[in-house]
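**Student:** Sequence:
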Amino acid sequence: MTGTTEALGGSAAVDDAARSVTRPFYVYAVLANTLFQRGVFVLFLYQRGFSVGQVALLQTLLYLVSGLAELPTGVIADRIGRRAGIVIGQMLIAGCLLGQVAFSNYWVFLALFIGQGVGMACVSGSDTALLYDLLVRRGATAGYVKIKSRFTMLGTVTSGAAIVLGGQLQQISWGVVYVGSAACLVLAMVVLMSGVPEIRGADAVDEQDGAGEHGDATAWRAMLRVATPALVTLVVVSGLMHATLTPYIIFTQKTLSDQGAGTAWVSVVMSAGFFAGGLTPLLSDRADRRIGYRVIVPVSLLTLAVALGLSGLGLVWVTIAAFLVLAGIPEITAVIVDNVFNEAVPSRHRASLLSMIAFVESALIGIGYLVLGALMDGLGSSVGMATYAAVPLLACLLWLPVLFRGARVTTEIEKPADQKAP
0 MTGTTEALGG
10 SAAVDDAARS
20 VTRPFYVYAV
30 LANTLFQRGV
40 FVLFLYQRGF
50 SVGQVALLQT
60 LLYLVSGLAE
70 LPTGVIADRI
80 GRRAGIVIGQ
90 MLIAGCLLGQ
100 VAFSNYWVFL
110 ALFIGQGVGM
120 ACVSGSDTAL
130 LYDLLVRRGA
140 TAGYVKIKSR
150 FTMLGTVTSG
160 AAIVLGGQLQ
170 QISWGVVYVG
180 SAACLVLAMV
190 VLMSGVPEIR
200 GADAVDEQDG
210 AGEHGDATAW
220 RAMLRVATPA
230 LVTLVVVSGL
240 MHATLTPYII
250 FTQKTLSDQG
260 AGTAWVSVVM
270 SAGFFAGGLT
280 PLLSDRADRR
290 IGYRVIVPVS
300 LLTLAVALGL
310 SGLGLVWVTI
320 AAFLVLAGIP
330 EITAVIVDNV
340 FNEAVPSRHR
350 ASLLSMIAFV
360 ESALIGIGYL
370 VLGALMDGLG
380 SSVGMATYAA
390 VPLLACLLWL
400 PVLFRGARVT
410 TEIEKPADQK
420 AP
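Numbering-wise, the sequence shown is residues 0 to 421 according to numbering that gives the first Met the number 0.
One should not assume that every hint holds.
Stated by the list, open to error - Cβ pair distances, simulated, as ranges: (1) Arg-78 - Gly-308: 25 to 35 Å; (2) Ala-141 - Ala-389: 35 to 45 Å; (3) Gln-167 - Asn-104: 39 to 49 Å; (4) Ile-248 - Trp-316: 12 to 22 Å; (5) Thr-227 - Asn-104: 44 to 54 Å.
If you are wondering where the hints come from, they were derived from the structure by calculation, not from laboratory data. Since the model is a prediction, treat every value here as computed from it, not as a measurement. By construction, the Cβ of each residue, glycine as well, lies at the ideal position given by its N, Cα and C atoms.
Given these sequences and hints, build the entire structure.
**Tutor:** Quick look at the structure:
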């Protein structure tokens, strides 16, 4: 009885420690995703007088810069601090949003989108690294999947609500939309600075064995130490999953329109899909415990292939059903795989290594946009979608050796504090 009581007390202590970390992060997730311009910024750019080609160039530049900046910003976050990296990134994004509503010159917008891309790279990797290492410090990483799923859900649902509200605020003025978004980012930084302690790579707490030997290793050497074939495969396969899901979500708008859905219907479907994608990650913890990442990865890839294939039938209701039912499943996998990546990399270089992984994903997403766009232009939107199903099927084939051979993704270099053997 005493042992049981002590175990329950220890579990309660871990839960309390996790809550002390997650409360400010949840508030940050809401504020940082209250971006009213996200659903109407393309209309804003058109009203600024920019052509379709100019808008496409701005978006391409945003992804390109964000991907290229992942590596240096990750190293900087490890050196000066993960919280500092997030603050710098979000403040840079807020400043660029204010600049977009203050200027109308296209060359100025090119510079602003470059700055926004750098800001996105500063945040990418740093927020996850900071959250995970704070949980490591408190011995509570066992709850990371559940915590990250809630973090993702809050951000996604808030984004959906902000998009709807942004359309209403635009009737007042574009200034209200963009200034409101920037103000929410500033508030998010205030919450982060006041409620979340700083952690640098040098503050690593989960590297017990070999800490002295590898303490001064560069991020590149750290990556070579942890880069098992299975981990490299997971990075590529995860990147291909995102390179399928992200363009699929965006280009489904055109597919639905070409299949006869009106603008109002497309808007409703996209909003419903956005909320579904935000709620499904809540199932991540249960899926991780009952199925595991080895199985959930190919399941997600196959569902993406089925969704793309069904879209190729040219039947609008089938396309809508496939989008709403199947598009959220990869979001569950994304949370689980994120946990695997965090377990695989050492704290000292966590932000740097996660940024390297994000760079691969960004590059593959950019290529995915180009490939799917070319297929839809050449074959038509429906057939182009169905043809693109070859990408998740290829990723599934790449994963099969890991699935059946049971190859290790993580190494024995480190273990989170709460997962060490007694």
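**Student:** None of the hints should be skipped; say for each whether it holds.
**Tutor:** These are the hints, each one checked on the structure:
1. Arg-78 - Gly-308: 25 to 35 Å: Distance hint for Arg-78, Gly-308 is violated at roughly 46 Å.
2. Ala-141 - Ala-389: 35 to 45 Å: Since Ala-141 and Ala-389 have Cβ atoms about 38 Å apart, the given range 35 to 45 Å holds.
3. Gln-167 - Asn-104: 39 to 49 Å: violated, 28 Å
4. Ile-248 - Trp-316: 12 to 22 Å: holds, 18 Å
5. Thr-227 - Asn-104: 44 to 54 Å: Since the Cβ atoms of Thr-227 and Asn-104 sit about 49 Å apart, the hinted range of 44 to 54 Å holds.
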